[in-house]
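Undergrad: Taken in order, these protein sequences are the chains called A and B. Using the UniProt record's numbering, the letters of the first sequence map in sequence onto residues 1 to 260. Using the UniProt record's numbering, the letters of the second sequence map in sequence onto residues 1 to 222.
No wet-lab data here; the hints were simulated from the structure. Quick reminder that beta carbons are idealized off the backbone N, C-alpha and C, glycines included. Heads up, some of the hints might be wrong.
Below, in silico cross-link-like pairs of lysine-lysine (PhoX-like), each with a Cα-Cα straight-line distance of 25 Å or less [stated by the list, open to error]:
| # | chain 1 | residue 1 | chain 2 | residue 2 |
| --- | --- | --- | --- | --- |
| 1 | A | 230 | A | 241 |
| 2 | B | 28 | A | 43 |
| 3 | B | 124 | A | 43 |
| 4 | A | 80 | A | 155 |
| 5 | B | 24 | A | 43 |
| 6 | B | 205 | A | 43 |
| 7 | B | 189 | A | 113 |
| 8 | A | 80 | B | 124 |
| 9 | B | 189 | A | 69 |
Partial list, computed: chain A residues near chain B (C-beta under 8 Å) [as the list claims (entries may be wrong)]:
| # | residue |
| --- | --- |
| 10 | 124 |
| 11 | 215 |
| 12 | 218 |
| 13 | 219 |
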Amino acid sequence: MEPETEAATPCKRRTEDSGDGGSAPAKPRLESDPAADAPSARKQAILATFGGYRDTLDAHYDQRERVIKCSRDITALSKKMIFALLRVTQDPPERVFQGVRAQHKKVLELFAKMAADLQGSDAAKYNRQATPGLQEYIEAIGLWRFLEHNQLITKQQVEESLAASRITTVTDEDYLLGISDLPGEVNRYCINAIGKGDHDAVRNCLAFMRQLKDGVSVVLCACGIRDLVKKAEVLDSSLVKTEQAYYSMSVRESEFRQPA
Amino acid sequence: MDHQIFIDLQDRFDQESEQFEGMKGRAKELDRACRVAAAQLSKAHALPQDKAKEVADGIGPQFDAIRENVGSLAALVTPASFYRLSGMWTNALQTACAQIAFAVYLAEGRLATPEDVERRLGCKVNTSNEDVTEFMVSLEEYLHGLISLFSELSRLAVNSVIVGDVQRPQEISAFASELYSGFQLLNLKNDSLRRRFDSIKYEVKKIEEVLYDLRVRGLATA
Numbered sequence: 001m002e003p004e005t006e007a008a009t010p011c012k013r014r015t016e017d018s019g020d021g022g023s024a025p026a027k028p029r030l031e032s033d034p035a036a037d038a039p040s041a042r043k044q045a046i047l048a049t050f051g052g053y054r055d056t057l058d059a060h061y062d063q064r065e066r067v068i069k070c071s072r073d074i075t076a077l078s079k080k081m082i083f084a085l086l087r088v089t090q091d092p093p094e095r096v097f098q099g100v101r102a103q104h105k106k107v108l109e110l111f112a113k114m115a116a117d118l119q120g121s122d123a124a125k126y127n128r129q130a131t132p133g134l135q136e137y138i139e140a141i142g143l144w145r146f147l148e149h150n151q152l153i154t155k156q157q158v159e160e161s162l163a164a165s166r167i168t169t170v171t172d173e174d175y176l177l178g179i180s181d182l183p184g185e186v187n188r189y190c191i192n193a194i195g196k197g198d199h200d201a202v203r204n205c206l207a208f209m210r211q212l213k214d215g216v217s218v219v220l221c222a223c224g225i226r227d228l229v230k231k232a233e234v235l236d237s238s239l240v241k242t243e244q245a246y247y248s249m250s251v252r253e254s255e256f257r258q259p260a
Numbered sequence: 001m002d003h004q005i006f007i008d009l010q011d012r013f014d015q016e017s018e019q020f021e022g023m024k025g026r027a028k029e030l031d032r033a034c035r036v037a038a039a040q041l042s043k044a045h046a047l048p049q050d051k052a053k054e055v056a057d058g059i060g061p062q063f064d065a066i067r068e069n070v071g072s073l074a075a076l077v078t079p080a081s082f083y084r085l086s087g088m089w090t091n092a093l094q095t096a097c098a099q100i101a102f103a104v105y106l107a108e109g110r111l112a113t114p115e116d117v118e119r120r121l122g123c124k125v126n127t128s129n130e131d132v133t134e135f136m137v138s139l140e141e142y143l144h145g146l147i148s149l150f151s152e153l154s155r156l157a158v159n160s161v162i163v164g165d166v167q168r169p170q171e172i173s174a175f176a177s178e179l180y181s182g183f184q185l186l187n188l189k190n191d192s193l194r195r196r197f198d199s200i201k202y203e204v205k206k207i208e209e210v211l212y213d214l215r216v217r218g219l220a221t222a
């Protein structure tokens with residue numbers, strides 16, 4: 001790569017600064033010996049510090065990776081909780097909730113594992129990696145809360161459920177994004193309830209979703225969360241689907257009633 | 001369902017966005033101060049080495065302005081909000097690190113250390129994944145700044161020749177390759193640091209081409 005052209009006499013353009021050859025690093029090259037010596041010391045220093053930076057970056061990347069993995073596992077298990085909860089229209093509710101309680105315990109173990117990497121300022125540092133799992137979890141226990149108590153889970157209840165696992169912070173964004181996923185699941189439950197002809201359940205679902213829609217649209221303009229806009233659209237379509245289903249059910253039922 | 005939940009959320013978001021506005025204003029000021037320093041320092045490209053050094057030595061007031069801006073921004077940032085909002089000022093800090101690195105190289109012919117950055121910005125560089133309890137420059141921001149230094153160096157190599165200094169590109173090349181070998185020690189992931197790291201080799205190559213031109217014509221001693 002580098003041609004060694006020793007041939008021509010170097011045109012010395014060193015002009016006036018040859019006087020201060022003493023100031024070591026900034027010098028415009030004297031011959032050979034300082035060149036062999038000074039830069040190598042500088043290089044050694046650079047290599048030593050960058051070795052330290054590598055360790056720092058490695059630790060940071062490893063930590064981020066661990067959070068991502070945990071978050072993904074939490075998502076998977078939370079989804080299982082949701083599926084189990086939706087069987088509540090098939091199986092006796094008490095048995096369903098008991099099974100979910102066991103799953104919930106396992107999720108909390110995962111949270112405890114993840115919490116180790118989310119202490120102090122790391123909670124915010126790795127929030128982007130942790131939040132998908134947390135949101136899915138909020139969705140799962142939110143659905144549970146709705147099915148068991150017909151209530152919207154509060155942020156405080158989310159935090160209390162996580163307290164044992166040393167997760168210290170649930171941000172407003174985490175919470176909001178978690179609960180705004182609820183209508184999709186409530187819609188599924190509602191369709192099942194319609195199949196069973198359970199009017200009370202269907203009415204509860206509709207009321208819940210409408211209130212959630214109103215609430216989310218209140219917050220929507222106040223916060224600059226991009227994901228929420230998308231979720232609000234999904235929320236609307238879930239609500240429309242549910243209304244449509246309830247409408248069909250009502251039409252069919254009045255048809256049955258007519259001849260009588 | 002308690003509609004109050006959403007009213008409360010809205011209030012908190014409103015409060016927060018008010019705070020953000022103040023910070024955004026200060027981050028913008030900081031950005032401006034960094035650009036002023038960059039413009040000032042950029043004059044060094046058109047000057048011979050000794051005059052360029054004077055430019056770098058005289059850059060102090062511009063860095064003082066940056067430090068003041070960092071201070072006023074830092075006053076608004078709490079440890080809790082630091083990582084949530086760091087996107088607001090990360091570009092400015094990267095530029096600041098780049099300018100510090102360039103100034104230190106022009107003035108002293110060496111690599112700016114995290115201590116240099118701390119001295120000029122008034123806040124520490126987080127070189128060891130420390131828990132953030134006060135405003136800090138992240139290691140990534142510092143490294144981004146150093147990567148920006150490569151494009152300054154390759155410009156400087158070209159411009160040294162323009163102002164008639166055919167020896168200097170060799171020193172620039174030596175420094176750039178030393179710094180590059182430092183970067184080659186890092187195990188980077190697929191992020192912005194990695195993408196910019198990949199561009200270093202082109203800058204190094206540019207400097208080598210200058211050396212090649214000079215040597216093949218016998219203009220510079222090996």
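Undergrad: Confirm or reject each hint.
TA: Hints, verified against the model:
Between residue 230 of chain A and residue 241 of chain A the CA atoms are separated by roughly 17 Å; this keeps the pair inside 25 Å, and the hint holds. Among the hinted pairs, residue 28 of chain B with residue 43 of chain A is inconsistent with the structure: their alpha-carbon atoms are about 36 Å apart, more than 25 Å. Between the alpha carbons of residue 124 of chain B and residue 43 of chain A the distance comes to roughly 24 Å, so the proposed pair stays at or under 25 Å and holds. Among the hinted pairs, residue 80 of chain A with residue 155 of chain A is consistent with the structure: their alpha-carbon atoms are about 22 Å apart, no more than 25 Å.
The hinted pair formed by residue 24 of chain B and residue 43 of chain A fails the criterion: a straight-line CA distance of about 39 Å is larger than 25 Å. Straight-line distance between C-alpha atoms of residue 205 of chain B and residue 43 of chain A comes to about 19 Å, which keeps the hinted pair within the 25 Å bound. This hinted pair checks out: residue 189 of chain B and residue 113 of chain A have alpha carbons roughly 23 Å apart, not beyond 25 Å. Taking the CA atoms of residue 80 of chain A and residue 124 of chain B, the gap is about 45 Å. The hint is violated against a cut of 25 Å.
Between residue 189 of chain B and residue 69 of chain A, the direct Cα distance comes to roughly 16 Å. Compliance with the 25 Å bound is thereby established for this hinted pair. Taking 8 Å as the C-beta cut-off, the interface hint given for residue 124 of chain A holds, the closest approach to chain B being about 4 Å. The restraint placing residue 215 of chain A at the interface with chain B holds, with a minimum CB-CB distance near 4 Å, inside the 8 Å limit. At its closest, the beta carbon of residue 218 of chain A sits 5 Å from a beta carbon of chain B; the interface hint therefore holds under the 8 Å criterion.
Interface hint status for residue 219 of chain A: upheld, as the beta-carbon distance to the closest one in chain B is roughly 5 Å, under 8 Å.
The structure fails hints 2, 5 and 8 (numbered hints given earlier, in ascending order).
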